[in-house]
Each structure stands twice: as structure tokens, then as C-alpha cells.
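Peer 1: My request is simple: use the sequences and hints to build the entire structure.
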Amino acid sequence: MNEFTKIIKLLNDTGILGVLIFALIGWFTRVNPALKQKIVANKSANQREALTLLDKLADNAVHLLSTYYEIPGDEKRQKAISDVTGQLKGLGHNIDPAIISAAIEKAYQAMSTQSTVAQKKQAKFDVAQASTEQVFADKEVQLSKQKAESNTEIAPLKVPAQSVPVETPMEGDEK
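Our numbering applies: residue 1 is where the sequence shown begins, and numbers increase by one.
If you're looking for bench data, these hints aren't it; they were derived computationally from the structure. Check each hint, because a few of them may be wrong.
Unchecked claim - Here are the simulated BS3-like cross-link-like pairs (lysine-lysine), alpha carbons at most 30 Å apart as the crow flies:
| id | residue 1 | residue 2 |
| --- | --- | --- |
| 1 | K43 | K56 |
| 2 | K43 | K139 |
| 3 | K121 | K139 |
| 4 | K139 | K124 |
| 5 | K139 | K120 |
It should be emphasised that the depicted structure is a prediction, and the values quoted were computed from it without experimental measurement.
Peer 2: Quick look at the structure:
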């Protein structure tokens, strides 16, 4: 302890102790808060960058999946969430799936307000699919009636003269 007091007295006599105290006070009042503010600003910039990237990836996923007419909407949403999550993790970003889901919903809402070719084709596909399902249901009823009327021989099905034309694929359609 005696040596410690000798060192303090020496530092005080030479003025170094005052400089050290001044430096510590300056560090804790000026430099440290400035560094903390800089760290917060960099973190905010990184978060903004990640969210901007998330919006772009969500837009791309929604537009890509909008061309998959045969996949139901809920499956498209789940696939979009998993695709975007995988891409973000590959780029080193870890974002909450709820935020990713919200970004995908935002991208879908933005796309659904526009009139796109994919939406028109999806509507035609849905109408054609419903029509086909109705025709099959009608044929099933017709077969069951024929079967009930006579168990011996089934007559050929009555096929309508008009049929719904199948749209030929256009350039850029998914196959």
C-alpha cells in the first residue's frame, strides 16, 4: 500500500494524475455517449437495409408465385414465406417470420391493386376449373342415374356439343 501512495504522489506531482482524471471524465461524458449513438445509428441503418431487402424479396416471391395458377392461395403464402426466409438467412439476416409474413401480405396487397396478366389468367383458370368440376359432377350424377335405372348395361355418356376452349399457353407462362 505504501508503494501505491508513492505512485499516486508521483503522478500528482508531475501532473499526469490530473490529465488521467480529465481523460476519464471526457471519455464518460463525451466520447462514450457519442460511440453509443454511432452504434445505434449503424444498427438502425442495418435494420433499414434488411427491411428494404425484405420488401424486394417479398415482391419478387409474390409476383413469381402469382403465375402458379394450380397452387391454392394458402400454399402460395407458405411457399413465399419459406422462400423469403431462406433467402434472407442465406444473406445473413435473421428476421422474425411474422414480419416476413406481413411483408408478403403487403406485397400481395400492392400487386392485387394492379391489373396484371397473371391475375386475369388466374381468374380464367379458376372459371375453367370450376366449369370442369361441375361437368364431372354432372357426369357422375348421370352415371349414377343410369346405373340405378338398369344394372345390366351402361349407355354412353351424353357429351355436350359445346365445350369450353382451353387457352393455349402464351409466351412467358409457367409450364
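Peer 1: Work down the list of hints and note, for each, if the structure agrees.
Peer 2: Okay, the hints, checked on the actual structure:
1. With a C-alpha separation of about 20 Å, the suggested pairing of K43 with K56 holds against the 30 Å cut-off.
2. Proximity of K43 to K139 is assessed by CA-CA distance (about 64 Å); at most 30 Å being required, the pair is judged violated.
3. For a cut-off of 30 Å, the pair hint linking K121 to K139 stands: about 27 Å separates their Cα positions.
4. For the given pair, K139 sits about 22 Å from K124 by alpha-carbon distance, which is consistent with the 30 Å threshold.
5. Between K139 and K120 the CA atoms are separated by roughly 29 Å; this keeps the pair inside 30 Å, and the hint holds.
In this structure, the one hint that does not hold is number 2.
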